[in-house]
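Using the sequences plus the hints, can you model the full thing?
These protein sequence lines are chains A, B and C, in that order. First residue of the first sequence: 1, per the numbering used here; consecutive thereafter. First residue of the second sequence: 1, per the numbering used here; consecutive thereafter. First residue of the third sequence: 1, per the numbering used here; consecutive thereafter.
In short, the hints are calculated from the structure, not lab data. Mixed in with the good hints, there may be bad ones.
[What the hints assert, rightly or not] Calculated pairs, BS3-like style, for lysine-lysine (alpha carbon to alpha carbon, straight line, at most 25 Å):
#1 C/Lys227 to A/Lys270
#2 A/Lys177 to C/Lys145
#3 C/Lys50 to C/Lys145
#4 C/Lys241 to A/Lys195
#5 C/Lys241 to A/Lys270
#6 A/Lys270 to C/Lys231
#7 B/Lys283 to B/Lys439
#8 A/Lys27 to C/Lys219
#9 C/Lys227 to C/Lys48
#10 C/Lys16 to A/Lys270
#11 A/Lys27 to C/Lys216
#12 A/Lys280 to C/Lys231
#13 A/Lys270 to A/Lys247
#14 C/Lys227 to A/Lys195
#15 C/Lys50 to C/Lys2
#16 C/Lys227 to B/Lys439
#17 B/Lys439 to B/Lys314
#18 A/Lys177 to C/Lys219
#19 C/Lys241 to A/Lys311
#20 C/Lys236 to A/Lys211
#21 C/Lys241 to A/Lys280
#22 C/Lys16 to C/Lys219
#23 B/Lys314 to B/Lys412
#24 C/Lys169 to C/Lys106
#25 C/Lys106 to C/Lys216
#26 A/Lys211 to B/Lys314
[As the list claims (entries may be wrong)] Partial list, derived from the structure: chain A residues whose beta carbon lies under 8 Å from chain C:
#27 Ala103
#28 Val108
#29 Ala116
#30 Gly130
#31 Ala132
#32 Thr135
#33 Asp172
#34 Gln175
#35 Leu183
#36 Glu187
This one's a predicted model, so the numbers in the text were calculated from it and none came from an experiment. Where a beta carbon is used, it is the ideal one built from N, C-alpha and C, also for glycine.
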Amino acid sequence: MAALVIAEHDNRLIRSGTLNAVSAATKLGGEVHVLVAGHQCGAAAAAAKQIAGIAKVRVADAPQYKDGLAESLAALVVSIAKEYTHILTPATTFGKNFLPRVAALLDVAQISDVVAVENPDTFVRPIYAGNAMATVQSSDRIKVITVRTTAFDAAAASGGSATVEPVAPAADAAQSKMLGQELTKSERPELAGAKIVVSGGRGVGSAENFKLVGQLADKMGAALGASRAAVDAGFAPNDYQVGQTGKIVAPDLYVAVGISGAIQHLAGMKDSRVIVAINKDADAPIFQVADYGLVADLFQAVPELISELDKK
Amino acid sequence: MTREAMEFDVVIVGGGPAGLSAAIRLKQIASEAERDISVCLIEKGSEIGAHIISGAVMDPRALTELLPSWKEDGAPLKIPVTEDRFLFLSEKGSFRVPNFLLPPVFQNHGNYVVSLSNVCRWLGQQAEALGVEVYAGFAGQEVLYDENGAVKGVATSDMGVGKDGKPTEAYQPGVELLAKYTLFAEGCRGHLGRQLETRFKLHDGTEPQVYGIGIKELWEIAPEKHRPGLVMHTAGWPLPSDTYGGSFLYHFENNLVAIGLVVGLGYSNPYLSPFEEFQRYKKHPEIRQFLEGGRRVGYGARAITAGGLQALPKLVFPGGGLVGDDAGFLNAARIKGSHAAIKSGMLAAEAVAQALAQGRRRDQLEAYPKGFQTSWLREELYRARNFKPWMSGNLWFGSFMFGIDQMLLRGKAPWTLHLKPDHTKLKKASECEPISYPKPDGVLTFDRLSSVFLSNTNHEENQPSHLTLKDPTVPIRVNLDLYAAPETRYCPAAVYEIVRDAAGKNPRLQINAQNCVHCKTCDIKDPTQNIVWVAPQGGEGPVYVNM
Amino acid sequence: MKILVAVKRVVDFNVKVRVKSDNSGVETANLKMSMNPFDEIAVEEAIKLKEAGSATEIVAVSMGPAACQETLRSAMAMGADRAILVQTDVELQPLAVAKLLHAILKKENPQLVILGKQAIDDDSNQTGQMLAALANLPQGTFASKVKLSGDGVEVTREIDGGLETVALKLPAIITTDLRLNTPRYVTLPNIMKAKKKPLETMTPESLGVDVKPRLKTLKVQEPPKRKPGAKVADVKELVAKLRSEAKVI
Numbered sequence: 001m002a003a004l005v006i007a008e009h010d011n012r013l014i015r016s017g018t019l020n021a022v023s024a025a026t027k028l029g030g031e032v033h034v035l036v037a038g039h040q041c042g043a044a045a046a047a048a049k050q051i052a053g054i055a056k057v058r059v060a061d062a063p064q065y066k067d068g069l070a071e072s073l074a075a076l077v078v079s080i081a082k083e084y085t086h087i088l089t090p091a092t093t094f095g096k097n098f099l100p101r102v103a104a105l106l107d108v109a110q111i112s113d114v115v116a117v118e119n120p121d122t123f124v125r126p127i128y129a130g131n132a133m134a135t136v137q138s139s140d141r142i143k144v145i146t147v148r149t150t151a152f153d154a155a156a157a158s159g160g161s162a163t164v165e166p167v168a169p170a171a172d173a174a175q176s177k178m179l180g181q182e183l184t185k186s187e188r189p190e191l192a193g194a195k196i197v198v199s200g201g202r203g204v205g206s207a208e209n210f211k212l213v214g215q216l217a218d219k220m221g222a223a224l225g226a227s228r229a230a231v232d233a234g235f236a237p238n239d240y241q242v243g244q245t246g247k248i249v250a251p252d253l254y255v256a257v258g259i260s261g262a263i264q265h266l267a268g269m270k271d272s273r274v275i276v277a278i279n280k281d282a283d284a285p286i287f288q289v290a291d292y293g294l295v296a297d298l299f300q301a302v303p304e305l306i307s308e309l310d311k312k
Numbered sequence: 001m002t003r004e005a006m007e008f009d010v011v012i013v014g015g016g017p018a019g020l021s022a023a024i025r026l027k028q029i030a031s032e033a034e035r036d037i038s039v040c041l042i043e044k045g046s047e048i049g050a051h052i053i054s055g056a057v058m059d060p061r062a063l064t065e066l067l068p069s070w071k072e073d074g075a076p077l078k079i080p081v082t083e084d085r086f087l088f089l090s091e092k093g094s095f096r097v098p099n100f101l102l103p104p105v106f107q108n109h110g111n112y113v114v115s116l117s118n119v120c121r122w123l124g125q126q127a128e129a130l131g132v133e134v135y136a137g138f139a140g141q142e143v144l145y146d147e148n149g150a151v152k153g154v155a156t157s158d159m160g161v162g163k164d165g166k167p168t169e170a171y172q173p174g175v176e177l178l179a180k181y182t183l184f185a186e187g188c189r190g191h192l193g194r195q196l197e198t199r200f201k202l203h204d205g206t207e208p209q210v211y212g213i214g215i216k217e218l219w220e221i222a223p224e225k226h227r228p229g230l231v232m233h234t235a236g237w238p239l240p241s242d243t244y245g246g247s248f249l250y251h252f253e254n255n256l257v258a259i260g261l262v263v264g265l266g267y268s269n270p271y272l273s274p275f276e277e278f279q280r281y282k283k284h285p286e287i288r289q290f291l292e293g294g295r296r297v298g299y300g301a302r303a304i305t306a307g308g309l310q311a312l313p314k315l316v317f318p319g320g321g322l323v324g325d326d327a328g329f330l331n332a333a334r335i336k337g338s339h340a341a342i343k344s345g346m347l348a349a350e351a352v353a354q355a356l357a358q359g360r361r362r363d364q365l366e367a368y369p370k371g372f373q374t375s376w377l378r379e380e381l382y383r384a385r386n387f388k389p390w391m392s393g394n395l396w397f398g399s400f401m402f403g404i405d406q407m408l409l410r411g412k413a414p415w416t417l418h419l420k421p422d423h424t425k426l427k428k429a430s431e432c433e434p435i436s437y438p439k440p441d442g443v444l445t446f447d448r449l450s451s452v453f454l455s456n457t458n459h460e461e462n463q464p465s466h467l468t469l470k471d472p473t474v475p476i477r478v479n480l481d482l483y484a485a486p487e488t489r490y491c492p493a494a495v496y497e498i499v500r501d502a503a504g505k506n507p508r509l510q511i512n513a514q515n516c517v518h519c520k521t522c523d524i525k526d527p528t529q530n531i532v533w534v535a536p537q538g539g540e541g542p543v544y545v546n547m
Numbered sequence: 001m002k003i004l005v006a007v008k009r010v011v012d013f014n015v016k017v018r019v020k021s022d023n024s025g026v027e028t029a030n031l032k033m034s035m036n037p038f039d040e041i042a043v044e045e046a047i048k049l050k051e052a053g054s055a056t057e058i059v060a061v062s063m064g065p066a067a068c069q070e071t072l073r074s075a076m077a078m079g080a081d082r083a084i085l086v087q088t089d090v091e092l093q094p095l096a097v098a099k100l101l102h103a104i105l106k107k108e109n110p111q112l113v114i115l116g117k118q119a120i121d122d123d124s125n126q127t128g129q130m131l132a133a134l135a136n137l138p139q140g141t142f143a144s145k146v147k148l149s150g151d152g153v154e155v156t157r158e159i160d161g162g163l164e165t166v167a168l169k170l171p172a173i174i175t176t177d178l179r180l181n182t183p184r185y186v187t188l189p190n191i192m193k194a195k196k197k198p199l200e201t202m203t204p205e206s207l208g209v210d211v212k213p214r215l216k217t218l219k220v221q222e223p224p225k226r227k228p229g230a231k232v233a234d235v236k237e238l239v240a241k242l243r244s245e246a247k248v249i
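Structure, rendered in structure tokens:
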């Protein structure tokens, strides 16, 4: 039994989601290999070599792999797939884009967004937007899996000593071409994909006061959100709204400032990895879901938080 | 802006039991006579049944008349009533009325515990199979009149109008649905029905309509506590004895229990919250014994007509008529309206079909009220007519007198009692005691927002608010200053809030239209009738499941 | 140019689902069903291309029980010209759907196939990509903008870090993301017209496709409830815990 994790990288560094996928692969019990496919990606391969717990790094270095285009990458994976019982990649837009092609070419099912490994053929995954968790079993000879990164701890990025082996590139499919990328210059990240979100609620009191919440967001490099009540009261624009009828977010950290936590708001952020609530009402429902709750006046707590974050 | 127009023989506004039955009956008559009657039915909910909520214990009498093979055809009337219980509740105790003392209106042998929403969905399928054009997701917004002032049809609502009243990118104008006869089947306090009542003075010479608000939850309970067909009603606690109302608890299928409280909207204390009364009622030992260990799976609310026979308006006007609870056929004494709605729909359909066969159009359908006068429905409502007036006075005296009315006088008392409009009965806040309700425990009792969540209600945010105010200064000047903003309490969906600025000053009324479950209580109970409910764009509002 | 659009009938996105008490699945009886929201966006995009004169015919395709006809009628009411239903009561998983679409693709020869990126019931996000692989065609997934250009198509995609644009040769497969467009409201006259548009029904057997499910669902459970965490005494404690315990900053 052996697992292949296809690494997400930028030819220089391995992206963190890969480490969570490696963790998931390790739970399967067999040997774990990592595939680094890129162009002039020696540095990425060297970084991959150091990941703890993996036996081998396989490297394919060719122009068609520079941009992570799905068609070429899938063909490459398929060319070495029969050596493995499990093929994994993080459930990032990179992984979700190409991996189903691999599954289809191998004529096997894919199991998307796995949050737990019960045994080598049984996995848990969310359905209905995470309102239910399904335990599914695959009888296919190769299991193709995308891994929800927030559900597994990251494998250590150093301490490993894998061997490195080149892989012959597969033919260039030449069906698609990367024209360009527009990566958000992080003055403030987009709500949808942000790792940290800071949201203000009705307790903030006014649009003027909402700037304070913005300062906290900026200090944390976070996206700025708002509850429906804050938007209705005019404290924040409509596209800041997080909730049942606004945006659904699942950041690593969600800081709710002056938000009561009505179920309609929770529907928009319940999958956040860590929830922090700052509210002066100790009975506010948000404290039922917050991992860390601070009962305090936000007009004192938030400036304090900003200056505390400045200290090392 | 010119709207497209489409023509039919009959247009029906509303896909509840009355509207669907009228549609089905029309197609049956057409088929028997080997003629064609084109019928178009529109429904504002996103599907037939989405806006239907009721207890319910259904008397199959009218359904059997309409569709005699309903059982073989799979109508969802599958849980016959097996036991009736009636209790008077006090805060901790109860008194069960022995069944032999229960007037016939409270005996349900032969009836079924149903989800009226599912029954309507089934009726919708029957209607479509017969060729009725059923269009869900389209709200009737405007009544159309011809050059003689007769009703010539309705226009559906424009879609994609922004909050500022201007068309957005998604704008689609409504469509004019023209007909020889138009039947209005919007249910209790239909907004077009209201306009018609005013325009054609349909309430001249009748008692005013009076209402209750029914708030209902659906619970999935522990299997060992579930008794399919058990029908329980209570009166008394928690409502004060001068407030009409009572509860229902019906054991349905699949371990589901329908539980609810009806509160008469003639209550006088502006601090009363029907929602909170319902929540605390659930903690009574006789009630909580069923719910403990279960989970709440549904929630909703709807106003109910309670005025009975004497509050029925004139049923017809040039070009059409009112059917179902748009008129108010519900029998409050039996706590049943669906059989009455179905029968009224059939009577109206028969009158329409007759008129069409005679080559008539857009005139008075006199055969409909005439048919009603000689029907079993009228007889049933006549016998029940004093129920509401007695029960609006004092619970004990009223129950006693109603008992006499029904058991001794067999509903034929020589008097018919009078009604006063609900909105006139609210006292000023200064004359009343605030009521302190317990906080929700999150297990048996809940807050309004998490309740509304279970109604699946949804509205496009960028559209004009459908809770319209005649005078925007009244909410603070009158409602808040004199009545302590009762709408913030009687609305079961927390649509209305009084918000103040950071300094606690400058109160204003915030209307969270998106939460609305289309119950119509605000339209009924606002003391100066300043709130006028109109239909939001079609396909929105609650999506009731098994309700 | 012919465009194929795949649409799925799912539980309406406004309706809250709950897990059956025997954990065998999600309770779907009596629930309102609608077209998958991402698929509505796919249909809308196809119609926009037709209105711009780039497409001549839009064919909507769905698979599943007979009731899926309603979903196809909705697609035609939005503007699709005709529809195909592959009718079966077998549980269809993405690989099977991709194979069925591949069989139809071979018959219909569209220049573009547009699908929603994922269905809101299963949330798999696989079908479009699988179809592309089986048909050996390029793909543009999570599209937020589609622009026909020469004999190809430029697709701007939403990715984790922002946006990326790829150029694909036609025929190509596109899957839609939320911000691609806002689907139009369906009008009553269009619903009436849609009743008369052609709807062809076929079976998986007639297409020669084995649709047997590969994944077996052993159980379905409620998600773990978030438990209330701890209250912190002050900001200092909060920051310390976020750094050392939660490791999120």
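For this session: With a cut-off of 25 Å on the C-alpha distance, tell me whether C/Lys236 and A/Lys211 pass.
Result: holds (22 Å)
For this session: Verify the proposed pairing of A/Lys270 with C/Lys231, using a straight-line Cα cut of 25 Å.
Result: holds (18 Å)
For this session: Could you check if A/Glu187 really has its C-beta closer than 8 Å to a C-beta on chain C?
Result: violated (13 Å)
For this session: Assess, step by step, whether the Cα of A/Lys27 is no farther than 25 Å from the Cα of C/Lys216, and give holds or violated.
Result: holds (21 Å)
Exercise. Are the Cα atoms of B/Lys283 and B/Lys439 separated by 25 Å or less?
Worked result: holds (12 Å)
Problem set entry | Interface restraint verdict for A/Ala116 against chain C (beta-carbon cut-off 8 Å) | Interface hint status for A/Ala116: violated (11 Å vs cutoff 8 Å).
For this session: Mind checking the alpha carbons of A/Lys27 and C/Lys219 for me, to see if they're no more than 25 Å apart?
Result: holds (21 Å)
Exercise. Is C/Lys16 close enough to C/Lys219, meaning Cα to Cα at most 25 Å?
Worked result: holds (19 Å)
Problem set entry | Proposed interface contact between A/Ala132 and chain C, which counts if any beta carbon pair is under 8 Å | holds (5 Å)
Exercise. Given the proposed pairing of C/Lys169 with C/Lys106, does the C-alpha separation stay at or below 25 Å?
Worked result: holds (17 Å)
Exercise. Holds or violated: is there a CB of chain C closer than 8 Å to the CB of A/Thr135?
Worked result: Since the shortest Cβ distance to chain C is 5 Å, the answer is holds.
For this session: Below or equal to 25 Å on CA atoms is what counts here, so check A/Lys211 against B/Lys314.
Result: violated (59 Å)
Taken one by one, the earlier hints fail for this structure at numbers 9, 17, 18, 25, 26, 29, 33, 36, listed in ascending order.
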